Amino acid sequence: MIKEQLDKIRESALKQIGETDGLDMLNDIRVNFLGKKGELTSILKSMKDVAPEDRPKVGQMVNEVREEIEKSLEETKTRMEKAVREAKLASETIDVTLPSKKNNVGHRHPNTITLEDVENIFIGMGYEVAEGPEVEKDYYNFEALNIPADHPAKDEQDTFYINGDFLLRTQTSSTQVHEMEKGKLPIKMIAPGRVFRADEVDATHSPSFHQIEGLVIDKDITFADLKGTLAEFAKEIFGDDVKVKFRPHHFPFTEPSAEMDVSCFKCGGKGCRFCKGEGWIEILGCGMVHPHVLEMSGIDPNEYTGFAFGLGLERIAVLKYEIDDMRLLYENDIRFLEQF
Amino acid sequence: MDASLSWIKAYVPDLNASDQEILDALTLSGTKGEGFHRLDKNLEKIVVGQIEKIEQHPDADKLVICQVNIGSEKVQIVTGAKNMKEKDKVPVVLDGGRVAGGHDGSPNPEEGIKIKAGKLRGVESFGMMCSIEEMGSSKDFYPNAPEDGLYIFPEDTEVGADAVEVLGLHDTVFEFEVTSNRVDCYSILGIAREAAATFKLPFKAPEVKVEETAEKASDYISVEIKDKDLCSRYCARVATDIKVGPSPEWMQRRLASCGVRPINNIVDITNYVMLEYGQPMHAFDLSTIAGNKIVVKRAKDGEKFVTLDGQERTLDSEVVMICDGEKEVAIGGIMGGENSMITENAKTVLFEAATFNGPNIRKSAKRVGLRTDASGFFEKGLDPNNAEDAINRACQLVNELGCGKVVSGMVEEKSPIKELNRIKFEPERINKLLGTDIDKQTMLDIFKREELVYDEATNEIVIPSFRQDLVGFCDIAEEVARFYGYDKIPTTLPKNAPTTGKLTFKMTVEKTAREVAQFCGFSQAYGYSFESPKVFDKLLLPEDAPERKAIKISNPLGEDFSIMRTIPLNVILSSLGTNYKRRNKDVRLYEIANIYVAKELPLAELPDERSQFVLGFYGDGDFFSMKGVVEEFLGQIGMAADLEYDAKAGKPFLHPGRQANVLYKGNVIGYLGEVHPEVQETYGIGQRTYIAVLDLPAIIPYASYSRVYTGIAKFPAVTRDISMVVPVDVTAGDIEKMIKQRGGKKLEKLELFDIYEGSQIEKGFKSMAYSLAFRDKEKTLADDEVNAAMKKILNGLESMNISLRS
Chain A
1195 MIKEQLDKIR ESALKQIGET DGLDMLNDIR VNFLGKKGEL TSILKSMKDV
1245 APEDRPKVGQ MVNEVREEIE KSLEETKTRM EKAVREAKLA SETIDVTLPS
1295 KKNNVGHRHP NTITLEDVEN IFIGMGYEVA EGPEVEKDYY NFEALNIPAD
1345 HPAKDEQDTF YINGDFLLRT QTSSTQVHEM EKGKLPIKMI APGRVFRADE
1395 VDATHSPSFH QIEGLVIDKD ITFADLKGTL AEFAKEIFGD DVKVKFRPHH
1445 FPFTEPSAEM DVSCFKCGGK GCRFCKGEGW IEILGCGMVH PHVLEMSGID
1495 PNEYTGFAFG LGLERIAVLK YEIDDMRLLY ENDIRFLEQF
Chain B
6 MDASLSWIKA YVPDLNASDQ EILDALTLSG TKGEGFHRLD KNLEKIVVGQ
56 IEKIEQHPDA DKLVICQVNI GSEKVQIVTG AKNMKEKDKV PVVLDGGRVA
106 GGHDGSPNPE EGIKIKAGKL RGVESFGMMC SIEEMGSSKD FYPNAPEDGL
156 YIFPEDTEVG ADAVEVLGLH DTVFEFEVTS NRVDCYSILG IAREAAATFK
206 LPFKAPEVKV EETAEKASDY ISVEIKDKDL CSRYCARVAT DIKVGPSPEW
256 MQRRLASCGV RPINNIVDIT NYVMLEYGQP MHAFDLSTIA GNKIVVKRAK
306 DGEKFVTLDG QERTLDSEVV MICDGEKEVA IGGIMGGENS MITENAKTVL
356 FEAATFNGPN IRKSAKRVGL RTDASGFFEK GLDPNNAEDA INRACQLVNE
406 LGCGKVVSGM VEEKSPIKEL NRIKFEPERI NKLLGTDIDK QTMLDIFKRE
456 ELVYDEATNE IVIPSFRQDL VGFCDIAEEV ARFYGYDKIP TTLPKNAPTT
506 GKLTFKMTVE KTAREVAQFC GFSQAYGYSF ESPKVFDKLL LPEDAPERKA
556 IKISNPLGED FSIMRTIPLN VILSSLGTNY KRRNKDVRLY EIANIYVAKE
606 LPLAELPDER SQFVLGFYGD GDFFSMKGVV EEFLGQIGMA ADLEYDAKAG
656 KPFLHPGRQA NVLYKGNVIG YLGEVHPEVQ ETYGIGQRTY IAVLDLPAII
706 PYASYSRVYT GIAKFPAVTR DISMVVPVDV TAGDIEKMIK QRGGKKLEKL
756 ELFDIYEGSQ IEKGFKSMAY SLAFRDKEKT LADDEVNAAM KKILNGLESM
806 NISLRS
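Chains A and B, in that order, are what the protein sequence lines are. Okay, so the first sequence: first residue is 1195 according to the working numbering, each after it adds one. Okay, so the second sequence: first residue is 6 according to the working numbering, each after it adds one.
This is chain A alone, in the form it adopts within the complex (with noise of 0.2 Å):
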């Protein structure tokens, strides 16, 4: 008897579960099955006219029927709550190739991008970062660098000057010289900064710009050294692939000196139009540094050896992201600097 009315309001309570659009429904059979006037709970209510013996066979009937019916009403609640957020979804599809909202975050200078990226290397390498007065001292920027008065170099870099003991520094090499004379050894140092020289303007020509000098002076510091840490230096701005020629040339404060080439890192040394079909671009100068420039600045040349090197920051940067004109890194027109 019991049994029968437990099959019939089982029967009734799945399918009205099955036939439910809506969560609102689902929780008015909860209340109308399973709550405190619920039909199951009367039945539990009339459980005072069993005999006592068939309770509890007729208690776990019960209880089996709340469970189907509670397990039936999750599982349908579940997927309509599934089903309602599939379907707000779906309505808030957006049409994603519309316009982005811009940041406008502001963009580094390709001057700046390419003396980090220097900066990080040497930084790497254990060197230190130095700066010098852009205003020189004529002894700093040519005497202390083996350039006396009447040496014809000081002709060549086209100086500016202020009056007969100043300049505009025409090379950041007089840096080395500050940091030599400060007496404190080993020396491991990069020194960027701006320079000078009396070129008009046009296209390759500027008549400020960039460079980056690099020194290192301590006991046993050789040739090869100097090799090997511009080879180190090139591979990590131009890539692994990149090779380096290192040919005889000639500065006053360095010898013996190289100039640096890289492998063109365009047409990978084939021959294209930015190595000239060189398929050689020439990067820096450096050498081995002059023992009477160290003696000049109180260090001991038959002691002390060490090496320097000095490149431009702006051929880099010029020669890295193609720019066909120098003047655009002087302008500074927005569409040229959003580029990176």
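None of these hints come from the bench; they were simulated from the model. Only a predicted model underlies this, so the values are computations on that prediction, with no experimental measurement involved. This list has only true hints and no planted wrong ones.
In silico EDC-like cross-links for lysine to aspartate or glutamate, where the CA-CA straight-line distance does not exceed 20 Å:
| no. | chain 1 | residue 1 | chain 2 | residue 2 |
| --- | --- | --- | --- | --- |
| 1 | A | Lys1378 | A | Glu1325 |
| 2 | B | Lys554 | A | Asp1359 |
| 3 | B | Lys371 | A | Asp1352 |
| 4 | B | Lys493 | A | Glu1453 |
| 5 | A | Lys1464 | B | Glu115 |
| 6 | A | Lys1429 | B | Asp492 |
| 7 | A | Lys1413 | B | Glu431 |
| 8 | B | Lys511 | A | Glu1310 |
| 9 | B | Lys557 | A | Glu1394 |
| 10 | A | Lys1439 | B | Glu26 |
| 11 | A | Lys1437 | B | Asp29 |
| 12 | B | Lys429 | A | Glu1497 |
| 13 | A | Lys1464 | B | Asp24 |
| 14 | B | Lys511 | A | Glu1373 |
| 15 | B | Lys385 | B | Asp474 |
| 16 | B | Lys410 | B | Glu349 |
| 17 | B | Lys371 | A | Asp1393 |
| 18 | B | Lys516 | A | Glu1325 |
| 19 | B | Lys590 | A | Glu1525 |
| 20 | B | Lys437 | A | Glu1497 |
| 21 | B | Lys50 | B | Glu78 |
| 22 | A | Lys1331 | B | Glu610 |
| 23 | B | Lys37 | A | Glu1472 |
| 24 | B | Lys385 | A | Asp1352 |
| 25 | A | Lys1464 | B | Glu26 |
| 26 | B | Lys37 | A | Glu1476 |
| 27 | B | Lys516 | A | Asp1311 |
| 28 | A | Lys1413 | B | Glu433 |
| 29 | B | Lys368 | A | Asp1344 |
| 30 | B | Lys751 | B | Glu790 |
| 31 | B | Lys511 | A | Glu1325 |
| 32 | B | Lys557 | A | Asp1393 |
| 33 | B | Lys586 | A | Asp1527 |
| 34 | A | Lys1464 | B | Glu39 |
Which bits of chain B does chain A cover? Going by a derived footprint, with three or more residues having C-beta under 8 Å, they are:
| no. | stretch |
| --- | --- |
| 35 | 183-197 |
| 36 | 518-524 |
Note that the Cβ used here is the ideal one computed from N, Cα and C, for glycine as well.
Using the hints, position chain B against chain A.
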């Protein structure tokens, strides 16, 4: 420095490498090759032909039909040329051959021009007869070539011979970049010596022997040097029975290959020796030399002199002059005089080879405004021994060319010539410097090939006088390195103790500035350090403004680049102007660069170079956007607190009501504001423009990246809003300063949330509303504590003539 292969091979006969190999090998041993030019490039199937018959073309007035004997056969060629006659011998390109270019002298095509048999106005033509230009050369190389028309060979030329060979065009001209220390390499002999050493081949110097007459040079001339500091050696030789005429073709071609135009045999000899030896020479017509003497002395200030190019030059007492018994005849080391130049009528010639003071020549040439080939050589500082070798070589060439008779002996005056330099040979030290393990014998072999003599007795290397660049140990090390091969030197890293790399603190702060600027939408600008003094007027600075005390460049590129900037705004404003003109919208730029503040003028000590962080924008944003960027930066470097703004910044280039100095702990560290409309207009910016300038040296001492965590408050804050009516001239800054002072330690936050000025408020007043938050970190704040603080604040407001809004 240009050098032809045939000329180099005259002294290195065994040199058999390809042009490219020569260029590459010399580059790697230190004589950088810039390139080479093959004179026979694209010249194919060109022979010497003899024109046997010339007939008019039946259908073309401007063409003729020639029957040409090319040795093996006879061919018919139609041409438009006019300068030939029957029996003339000319270069003939055969069917399928190639020439370098057209006859009009326009640039030659890379692949040359292919010549094919064909019909010209219906008449068959089996090739082309050519001009010297079509052969890729010019009248400069072949002065006997006509201005316009076919090149015509001398009568005795063999018909059917290779025309390129006959013209000596199977040659290559190399262009080398010689470094300033290698004075000796500005000569064919120097380049040849390097080539010999590079390829390990014997070097054969010219054997100089002069046939002399019985006459003595000292009977013709005497030499006196009065100013020995300007001229250390003066050599003179005399040749008589001179026949001035063209020099032989081989000499003309060698001169032309180095870019020197042939003139006549005597002048050509001096130029030839200059190129060969790197020693400029001069030839005087001896009949113009008064008193049979040469005197070398300083010119007089303001003296005038006409050089052989016909120009009058003004001299001064630093210029060295060559004089005879009466007058000046040449500017020493620079150019001869018109009054003593070689003309066709010269019968007796005085050759000069001298050694002048290099720096003096360089400066004189600049002052006189006359840089010549000769001065270019002398200014490098020449070897006095070379003068004697060169003058003898010139006399030998007079013999060889048969253009005169050389009188016996050389007349000279000289200062004592320096003894040969000796450098101690230290192979271990060389290896230690290079990081190599080169054996001693290899080093000695290198020296030997370079003509450096090893003196075993003293263990010294004796340096020949032409190698003035070899002074000390490191120079010798470089000789070893470059001939051993830079590429063979190992590649290592310094083996010393590791070090820590880092930026300086200043650079770190500058990096933060860049990052903040970029996050706030500013892109980085770069500008020049020098600018025009007009900038001060553009920025409306008064005549006595301290910024006008700028450092002047004594030799600027022009007024626009003539002073070192003392105020950093011009770059940003000019760049904004450029962008505005190019219709770029909402442009934000920043720059970090120095200004240069002189302690005194004229400059007696280094100026103060102050790094300036400059921001500027037009378009989206206002004064307070800029103020936000400034505070963002200062916040990043730990300077958010203790900031104040003083509206009385007094900047004439800024809007008088929209500018402020930025103060940190009472010190001015920068300023910001809206650009004055007049300045904005001057710079061509059509929108309101805002700038900020932060003086980094004033900021860096206070900047800090250290932070201490203070704990997030556990107890609630009590907020109170106050709405008030404020006289317009009372600033938010004044009110906030007062509230902070009176609010006590528990006042945590103070925020303006409304400001209004207008019809609802009495004129002369504005409405302002602040939200105040009080908090005690230790406990929940009691109302009466807040009330007490509020009472103090309200009293303060009252004293400022501020009333609460009802």
